[in-house]
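First to last, the protein sequences are chains W and C. Residue numbers are given in UniProt numbering: position 267 of the first sequence equals residue 267, and the series is strictly consecutive. Residue numbers are given in UniProt numbering: position 59 of the second sequence equals residue 59, and the series is strictly consecutive.
The reader is advised that the hints may include incorrect statements.
What the hints assert, rightly or not - Among the chain C residues that face chain W by a calculated CB cut under 10 Å, a handful are: (1) Glu68; (2) Leu102; (3) Ile119; (4) His147; (5) Asn197; (6) Val210; (7) Glu211; (8) Arg214; (9) Asn239; (10) Leu241; (11) Ile243; (12) Leu245.
As the list claims (entries may be wrong) - Computed footprint of chain W on chain C, listed as stretches where at least three residues anywhere in the stretch have a Cβ under 8 Å from a Cβ of chain W: (13) 86-92; (14) 198-205.
It is worth saying that the hints were derived from the structure and are not from the lab. Even glycine gets a Cβ: it sits at the ideal position worked out from N, Cα and C.
Here is how the chains run, residue by residue.
There are 2 protein chains.
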Amino acid sequence: MRDRHLNKMPRGGSATARYEEDPENAWNCGSWFEYLLIVILSTILLVGVLVLTLFWVIFYRGGFAWSENPELQFNLHPVLMVAGFITFSGFSILLYRLCRCLKHIYVKLVHMLFHACAIPCIALGFLSVFDSHNLSEPPKPNFYSLHTWLGFVTMGMFAMQFVIGFFSFLILLCCENRTYNCRATMVPIHASFGLANFMMAIATCVTGLVEKERQMIGGDSGDTAISTRSSEIEHYIMNSLGIVLVAIGIIVSVAVRRSNAPATAKVYVTERI
Amino acid sequence: MRDRHLNKMPRGGSATARYEEDPENAWNCGSWFEYLLIVILSTILLVGVLVLTLFWVIFYRGGFAWSENPELQFNLHPVLMVAGFITFSGFSILLYRLCRCLKHIYVKLVHMLFHACAIPCIALGFLSVFDSHNLSEPPKPNFYSLHTWLGFVTMGMFAMQFVIGFFSFLILLCCENRTYNCRATMVPIHASFGLANFMMAIATCVTGLVEKERQMIGGDSGDTAISTRSSEIEHYIMNSLGIVLVAIGIIVSVAVRRSNAPATAKVYVTERI
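Produce the entire structure from the sequences given, and follow the hints as far as they go.
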């Protein structure tokens, strides 16, 4: 029942008023189990996807280089994009929703810092694929495939979200109380678009993976072109990478939704502005 | 402020107690605008994606056939799967969250009927691709690519969700009050898994689309293999289809999240069991 005890909560949702104040709002065993399961599973998946991408690129695609070797320069693209758009952004979203031990302003700061760490990864990842397309013989066209279209929109949305979040945080530092209503209106919009952006990042990664895989095993005979045992193993690694990416999309969306579902305590803790 | 007026609401969330009872819970202009925007936009996208798929298959892939022509039999697969997993399921999810004029039990019935309409589409779509793989020369392997793995999990989850929802509805018809707690526990799980399933369906469609496109334009030279004007137009149609699919994923997840965000009225209306 989410309609009980809500009136006991302070209106502004300040960081000092904690959910433990109301003993009836304490989590039960099931809530804690669910919470820990989400935290552990998402950590494993978010780190795992980066490790799996690194493993794939280093052992099956020949490692890294910069513009002296466009083919190897391309390899930076999946690793940096997965690091920026999936691992850092994923941790940032989950931390904001699930962190229950820090003052709320610090949670916001960590949320912003994680997203800030994603920016150089994304910029370098974008540059590396741009360079490797232009420097390869013959040059490959940019912004032609579905993956590139999705990626372009995802990057634009990410930049917009970061700028809005950053200035909203600055405003919060300057005058907290007078901007409350404005920030309160923006929170659900920022959250919805943030989740949408994360879903788009997942879709972009998955389409890029499928494109790369099809490019590698070649045209119409693709389904049956299993040439060597090594390429077969690589195929399964890439499929697993796709599955892990989709699983991350699901666990993040479930975590963001579920974290305000079962107990009123959660509604309060996670809906604060 | 979501903590006001919640205590005025009836606990069980029965269909007869409506949000209009509390004048302070009435929607403002912005809420109605947002609501109508989501309804109109999602209807256009959900119908549009099916029309676009039909257009692509009929005008660029040669139309339909059954087992007498495995190549054309394959064409049933994208159309039926988009109809079942995207159009019918999408309308079903949105109707459940957004329908504000029917008694809640009828909303549930319509939700179930839409999902029931999806079942024959999915079954036929699955059969058609299975047949076309086995009957083609040489037979293509089944369950090899990322698309097929994702599709398999999506179908399994869909079946599980339908069975659980169906029996939960039957229980509701038999003994509404005694099963309230049990059903109340299941609602957020069913909703979360339902949304996750829809996201997986989107990911499956997009990977299938990219796979098909790469198969068509062929191997490593894929990026530059624009042979005719017709195939270039087809490429843009397929890219647009991918963009529409991702847009549907975003609007559905935003609609499901946002519909309980701005006003307490919405919390009440959409969180009822």
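Hints, one by one, checked against the model:
no. : hint    : result
1   : Glu68   : violated, 21 Å
2   : Leu102  : violated, 23 Å
3   : Ile119  : violated, 22 Å
4   : His147  : holds, 7 Å
5   : Asn197  : holds, 9 Å
6   : Val210  : holds, 4 Å
7   : Glu211  : holds, 6 Å
8   : Arg214  : holds, 3 Å
9   : Asn239  : holds, 5 Å
10  : Leu241  : holds, 9 Å
11  : Ile243  : holds, 6 Å
12  : Leu245  : holds, 8 Å
13  : 86-92   : violated (count 0)
14  : 198-205 : holds (count 4)
Comparing the model with each numbered hint stated earlier shows that hints 1, 2, 3 and 13 do not hold.
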